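From first to last, the protein sequence lines stand for chains A and B. For the record, in the first sequence the residue sitting at position 28 is 28 according to the working numbering, with numbers rising by one throughout. For the record, in the second sequence the residue sitting at position 14 is 14 according to the working numbering, with numbers rising by one throughout.
Note that these hints are calculated values from the structure, not bench results. Keep in mind the model is a prediction, meaning the values are calculated, not measured. Any given hint might turn out to be false.
Here's a subset of chain B near chain A, in silico, CB distances under 8 Å, partners left out [as the list claims (entries may be wrong)]:
#1 D115
#2 T116
#3 L128
#4 F170
#5 L241
#6 V256
#7 I257
Glycine included, each C-beta is placed from N, C-alpha and C at the ideal position.
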Amino acid sequence: MAAYALYVLRRSGQFVLVVFVGINIAFFVTHATPIDPITAAIAAATRFSQADPQAVQLTREALRELYGLQGNLWQQYVVFWMRVARADFGPSLSAFPTPVSTLIWRALPWTFGLLSVATLISWGLGNLLGGLAGYYRRNVPLKLVGVVASGLQPIPNYVMAFIVLVLFGYVWPILPITGSSQINLPQGWTLAYFQSVFQHALLPVLSLVLVGTGAWFIGMRALVSNIVTEDYVAYAELGGVDRWRILISYVMRNALLTQVTGLALSLGLIFNGAVITEVVFGYPGLGNLLIRAVYAGDYSLVIGIASTSIIAVAFAALVIDLVLPLLDPRVRVA
Amino acid sequence: MLRILKDLFRYNREFSLGAILILLVVAISLASFLSPYPSGMQYVVPFDAPPSWDHPFGTNSRGQDVFWQLTFAIRNSLLFGTAVALLSRLIAIVVGLTSGYVGGMVDSVLMSINDTFVVFPPFPILVLVYFIFKDHMSWALLAVAMACLGWAYDARLIRSMALSLRTREFTTQSLFSGMSTGQILAEEHLPYVLPIVFATTMNNINWSIGLEVTLSVIGFTNIDTPTIGTMIYWANQHTALVAGVWWWIAFPVGLVIITFVGLYLLSVSMNEYIDPRSRLSGMGGAA
Numbered sequence: 001m002a003a004y005a006l007y008v009l010r011r012s013g014q015f016v017l018v019v020f021v022g023i024n025i026a027f028f029v030t031h032a033t034p035i036d037p038i039t040a041a042i043a044a045a046t047r048f049s050q051a052d053p054q055a056v057q058l059t060r061e062a063l064r065e066l067y068g069l070q071g072n073l074w075q076q077y078v079v080f081w082m083r084v085a086r087a088d089f090g091p092s093l094s095a096f097p098t099p100v101s102t103l104i105w106r107a108l109p110w111t112f113g114l115l116s117v118a119t120l121i122s123w124g125l126g127n128l129l130g131g132l133a134g135y136y137r138r139n140v141p142l143k144l145v146g147v148v149a150s151g152l153q154p155i156p157n158y159v160m161a162f163i164v165l166v167l168f169g170y171v172w173p174i175l176p177i178t179g180s181s182q183i184n185l186p187q188g189w190t191l192a193y194f195q196s197v198f199q200h201a202l203l204p205v206l207s208l209v210l211v212g213t214g215a216w217f218i219g220m221r222a223l224v225s226n227i228v229t230e231d232y233v234a235y236a237e238l239g240g241v242d243r244w245r246i247l248i249s250y251v252m253r254n255a256l257l258t259q260v261t262g263l264a265l266s267l268g269l270i271f272n273g274a275v276i277t278e279v280v281f282g283y284p285g286l287g288n289l290l291i292r293a294v295y296a297g298d299y300s301l302v303i304g305i306a307s308t309s310i311i312a313v314a315f316a317a318l319v320i321d322l323v324l325p326l327l328d329p330r331v332r333v334a
Numbered sequence: 001m002l003r004i005l006k007d008l009f010r011y012n013r014e015f016s017l018g019a020i021l022i023l024l025v026v027a028i029s030l031a032s033f034l035s036p037y038p039s040g041m042q043y044v045v046p047f048d049a050p051p052s053w054d055h056p057f058g059t060n061s062r063g064q065d066v067f068w069q070l071t072f073a074i075r076n077s078l079l080f081g082t083a084v085a086l087l088s089r090l091i092a093i094v095v096g097l098t099s100g101y102v103g104g105m106v107d108s109v110l111m112s113i114n115d116t117f118v119v120f121p122p123f124p125i126l127v128l129v130y131f132i133f134k135d136h137m138s139w140a141l142l143a144v145a146m147a148c149l150g151w152a153y154d155a156r157l158i159r160s161m162a163l164s165l166r167t168r169e170f171t172t173q174s175l176f177s178g179m180s181t182g183q184i185l186a187e188e189h190l191p192y193v194l195p196i197v198f199a200t201t202m203n204n205i206n207w208s209i210g211l212e213v214t215l216s217v218i219g220f221t222n223i224d225t226p227t228i229g230t231m232i233y234w235a236n237q238h239t240a241l242v243a244g245v246w247w248w249i250a251f252p253v254g255l256v257i258i259t260f261v262g263l264y265l266l267s268v269s270m271n272e273y274i275d276p277r278s279r280l281s282g283m284g285g286a287a
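Input sequences plus hints: build the corresponding full structure.
Here is the structure:
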């Protein structure tokens, strides 16, 4: 148990480091540049009109305070961290006076839902099929699945989402292609609402699964075809243990650990894919919010979303890593 | 080197298919030098003409020939991907080799930083960079930003190789004959990790072209430089699909998929070649 405590401590230290470096990058990118966001915002606002110089000056002061750009660089740095720590990035400019944190909290469940459902499906499906393909190496349908999965895997999420969108929204329009539910449907715990949410999630999830399954499939197949040659598997086979039982609890059980670690490592990329897919399907998650914030020139909202993304992904990776020892007796001891 | 390539081409189906696809893509990008129209020029051909003999891939709503536009686009995309891959390989090699060879405290610190970069979601950070730089966003800046985000996974791979290289006898020998750490890493260890670096380069080119396409299509790069992404961006701006100008979208998407699959096949086959065990099982022997 002491070993596990040490592990938790070390892993949490890594989490703190990720957040620290990430927030520093966000600060560095936004502050150590020659471009002044306030001048940019004022230029955008006064582009088509005559502006009173005094009003411009007042706006400048107000924005400086709002964006936390008062004082020297060190003071700004402290203010930046305080905002992150309190999860308070000030009011959003494009949806004034709604606070940025409210907008993010509203979007986060959609991203989380889309990401977790798609990841569970592609991870589960990829591992199951990959395990089978590694165990039954001469099975032709499984070989075919392998070709398709590895052919789809290198396609970036955006392109795949776009293809799925064109196929099911334009060539053969059978599913809704935008939004998270029917617009005129009231949100609530009703069957109709859930049905609508389900329907709207189908295409985004489909495009994520199409791209995401390949990597797990290939990884699991390689792992299993290595483990199958181990002596203990041959022994179990000679001993007449049921083949399914060998595959599930002798072979795949061992390979699973690597795949769970892989899941924690690739969360950043998976998050990336989900966010991009949201943009294509107009799904009301973080990705869409981020894009709209950029179009609207909403400084605090963009910083808020970037910081939240980093913290959220790091936290999810931490959770997976903390669960890992429960699966692997060796990590618990080491 | 040439013989290895010839062998690979003959005996490894993935390699030959990938090589053919990539050669095709490179040929198309080289064709840009023969283009009768300069890349930035608009309204030089009739609008929205479907594919025909004069315009094999049709023309778009901006009065450009889609085929010749595509040659510029794929050239820029490939160059961009290669630039990002080279830059990030440089970081990955330096971090990986140093971390694996020096070990101890340096290793712990470097790998902590490494693991930090592994979990970062690149897209929000790149969008943040675009948001700050806006019109100052250039090709080079984006390449540097992406390279800074794309090295970590492979640095770990290189480190694991360097760890085993350190215990080999020739390392001790070089140390005793008075080579400095830098010399040992550059002259003794680097040649061993280069094949795997080469395989990861293909993956990294894929990754960076994919991200570039994504950012461009939303309009978050310099949209006046023709790349595959900005081509799709302009097609979307002109609602090409609704207007029925499908060739404006279909050909760039098709070509970029060919590129992705080709690079992926090359990387897979190289990985296989590097790992003798899988090479054996590929030849039909007992695995």
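Outcome of the hint check:
Hint status for B:D115 relative to chain A: holds, with the closest Cβ pair at about 6 Å, below 8 Å. The restraint placing B:T116 at the interface with chain A holds, with a minimum CB-CB distance near 5 Å, inside the 8 Å limit. The restraint placing B:L128 at the interface with chain A holds, with a minimum CB-CB distance near 4 Å, inside the 8 Å limit. Restraint check, B:F170 versus chain A: the minimum CB separation of about 29 Å is more than 8 Å; hint violated.
Checking B:L241 against chain A: minimum C-beta separation of about 6 Å stays under 8 Å; hint holds. Taking 8 Å as the C-beta contact cut-off toward chain A, the hint placing B:V256 at the interface holds, the least distance being around 7 Å. A hinted interface residue such as B:I257 counts as satisfied when its beta carbon comes closer than 8 Å to some beta carbon of chain A; here the least separation is about 6 Å, so the hint holds.
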